[in-house]
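Student: Take a look at the letters that make up each chain.
Protein chains: 2
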Amino acid sequence: MEYEEPLFFRVMKYAADADRDVVDMVSGNPDWGSPPAVSEGLHAYADTGGDDFQYPPSEGLRELREEIAARRGVDVSQVVVTNGGGGANYLAMGRALERGTGDEIVMTDPVYPYYPGKTTMLGGTQRFVVADDEGHIDPADVREVASEDTACIVVNTPNNPTGAVYPEETMAELVAIAEDNDAILVSDEVYDHFDFSGEFTSALEYDSPHRIVTNSFSKSLAITGFRVGYAIADERHAEPMKSRHMLTSVAGSRPSQAAVLHALRNTDPDYYEDTRALLRERIAAFTEALDAAGAEYTTPEGSFYVMARFPGFPGTLENVYELIDEAGVAGMPGAGFGESRTDWLRFALVTPRAQEAADRLADYFA
Amino acid sequence: MEYEEPLFFRVMKYAADADRDVVDMVSGNPDWGSPPAVSEGLHAYADTGGDDFQYPPSEGLRELREEIAARRGVDVSQVVVTNGGGGANYLAMGRALERGTGDEIVMTDPVYPYYPGKTTMLGGTQRFVVADDEGHIDPADVREVASEDTACIVVNTPNNPTGAVYPEETMAELVAIAEDNDAILVSDEVYDHFDFSGEFTSALEYDSPHRIVTNSFSKSLAITGFRVGYAIADERHAEPMKSRHMLTSVAGSRPSQAAVLHALRNTDPDYYEDTRALLRERIAAFTEALDAAGAEYTTPEGSFYVMARFPGFPGTLENVYELIDEAGVAGMPGAGFGESRTDWLRFALVTPRAQEAADRLADYFA
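Chains as they are written, first to last, in full-length UniProt numbering: chain W, 1 to 366; chain E, 1 to 366.
These are computed hints drawn from the structure, not numbers from a lab. Each hint should be verified, as a subset may be incorrect.
Said to hold, decoys possible - Far from chain W, by Cβ distances over 10 Å, these chain E residues were calculated:
1. L7
2. G100
3. H193
4. D195
5. D270
Stated by the list, open to error - Only some residues are given here: those of chain W computed to face chain E with a beta carbon under 7 Å:
6. A46
7. G50
8. Y55
9. N83
10. G84
11. Y90
12. R227
13. V250
14. P255
15. T342
For each residue, glycine too, the CB sits at the ideal point set by N, CA and C.
This is chain W alone, in the form it adopts within the complex (with noise of 0.2 Å):
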């Protein structure tokens, strides 16, 4: 699979020059508004200048970098702040190929289209292990597909684009088989605060020198725009992934930072929480309109993104294009996320508007 990500673009720029009103659900930026401790950490740090105007520690400040061991139940040397979620997978896939252990990397069919970009930018081979309908991947077809080749295994979970939440038994077992081939699975989880199922369970349950967890402040805080993340790695890994930030970036943005540490520290946790009731309200009313257009989809159980798919409407480019024209929503194609989804589409619910969205979908397909 190419890296497709300006498929992405491309849509977005056809809706905005559309003739129409269109409902956009194709990004995944976050419309609900970030805590006002975001805000108020920006202003407060806008007040520092000189030092603090300065070079932050390349691995992350080391209020932050403390902020999120506790949080995590990790000791601070194992976290490494990075540019974004982005940033954070890709010192982490870095780090699997260059330890010489194998040069695969195994990924999901349908897959976040960054992991294939970074595979082959970094020199390493793409192996797909296909997804069932519902975005659930089985244990065993990764076991299979897994060898002493294999460098890593990455994984997204909540998964975007299928909404899947992988069970306790599906983690325990990704972990296993990294530690079975002198792998490391990668643990992509920036939609930990987005699950519906109660079933989430972040890799980092299990303390094992092969796996790393990856995640961000992009969705939670609803600034993707920021560019802080982390990862999670035994420090055997988080060293070298260390020094490979250094090179790359020197150091992640300090105004950013600084805001993200404030907005930890001063954010209710009702705000996660009402953020999950909004979704799940757009959730229920975004596939319920599905239904009354006659589409198949899934009911994600975690992240924000529905696929679906349209009787006789495969998700090409073409299709998307058509939507956008006869519709007015804006979806992305199911082509963009690998080979298993090209009759589906995939909806993002980021705007206050999924309801009306569905509500034209139902009208023009009826």
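With chain W's structure known, arrange chain E on it following the hints.
Tutor: Just chain E now, with coordinates in the frame of chain W:
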């Protein structure tokens, strides 16, 4: 040469832990303060929120790229906003190597230690050209080393650590050597606002697809912690550099980019002139005291570093520790910058106590 950046941190830690007052001349962190428009821009951004807190374009905020393009007289399509100058150099060197036209990276000795570090991480081979005592390179030496194996020539003007500013003839010949060997000249010009010689010539003067110019606002706006830099490259390089940036970081930090954009638009040229005047004074005072200490040194033509050599006192790490403990002055061991400078020490003029430091050195060596 191994990647020796952690040496900085070791020296800074030793100085911080010392039992006595120490003048810190180790880091490259400006101490003269940012223009007020940086804070103002950050405050203004903090008041936005919502959509403005979400992903900027991966290649950088459009208005920032336009501002840079207008200032540098290039088309906006050639501008990639990066995670500081370090990010720009990483993208440029990565691009040079991925072209497949050689795996050698030619650099100077002494060298900014990130260049050899990045070369190794990217799978390239290091080749060094030795600079003369003033830090200048003879282009004939570069031409002799360059071959069909050369992917890239990376230079830094004004130079860290030597303070040399390469004259026009050198820059013209470096571009020609890159062209003649199907290689790319990466000209790192992050100290371009700190030229005291009037001789600074940007590689941008030479319109060639064989040169990439990198730069940053870290030093010019005294915001090393914000991580905003840029590269200017022919589109055939800018496009793959944008892809690499997307795959490693998704995008740069938007709060930082917004603050830089505001600062560029609202900072009087006097700010830069005043900084240069301040540094000229520091250089004069510091070098005068070095004369009194019987040291050999280079008067910087640009940047804000002075390399000095004391009779019978090589620039080893042990001697650096000795000067911290006995003289109360912290510099960097010359060995951190390459084999040609093992006798030397580097002092960064980023403290109002530069003259005091030189007086202490004069006392110590008296």
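Student: With chain E as the partner, please determine if G50 of chain W meets the hint condition of a C-beta pair closer than 7 Å.
Tutor: holds, 6 Å
Student: Report holds if the minimum CB distance from D195 of chain E to chain W is greater than 10 Å, and violated otherwise.
Tutor: holds, 22 Å
Student: Is the interface hint satisfied for G84 of chain W? The criterion is a beta-carbon contact with chain E at less than 7 Å.
Tutor: Hint holds; G84 of chain W Cβ to chain E Cβ min 5 Å, cut 7 Å.
Student: Determine whether the non-interface label on L7 of chain E survives the test: each CB of chain W must be over 10 Å from its CB.
Tutor: holds, 12 Å
Student: Holds or violated: the hint that Y55 of chain W contacts chain E, with Cβ atoms closer than 7 Å.
Tutor: Holds, because the Cβ-Cβ distance from Y55 of chain W to chain E comes to roughly 5 Å (cut-off 7 Å).
Student: In terms of Cβ atoms, is chain W entirely out of 10 Å range of G100 of chain E?
Tutor: The assertion about G100 of chain E holds, with a minimum of 13 Å to chain W.
Student: Tell me if N83 of chain W is really an interface residue toward chain E, meaning its C-beta lies closer than 7 Å to one of theirs.
Tutor: holds, 4 Å
Student: Going by Cβ atoms only, is P255 of chain W closer than 7 Å to chain E?
Tutor: Holds - the Cβ of P255 of chain W comes within 7 Å of chain E, reaching about 5 Å at its closest.
Student: Would the non-interface assignment of H193 of chain E survive a Cβ cutoff of 10 Å against chain W?
Tutor: At about 16 Å from chain W, H193 of chain E clears the 10 Å cut-off, so the statement holds.
Student: T342 of chain W was flagged as interface toward chain E. Is the shortest Cβ-Cβ separation under 7 Å?
Tutor: This interface hint is violated because 24 Å lies over the 7 Å limit.
Student: Does the interface hint hold: is V250 of chain W within less than 7 Å of chain E, judged Cβ to Cβ?
Tutor: Hint on V250 of chain W: holds, closest Cβ of chain E at ~4 Å, below 7 Å.
Student: Under 7 Å is the threshold here; is the Cβ of R227 of chain W close enough to any Cβ of chain E for the hint to stand?
Tutor: holds, 5 Å
Hint 15 from the earlier list is the only one contradicted by this structure; the remaining hints agree with it.
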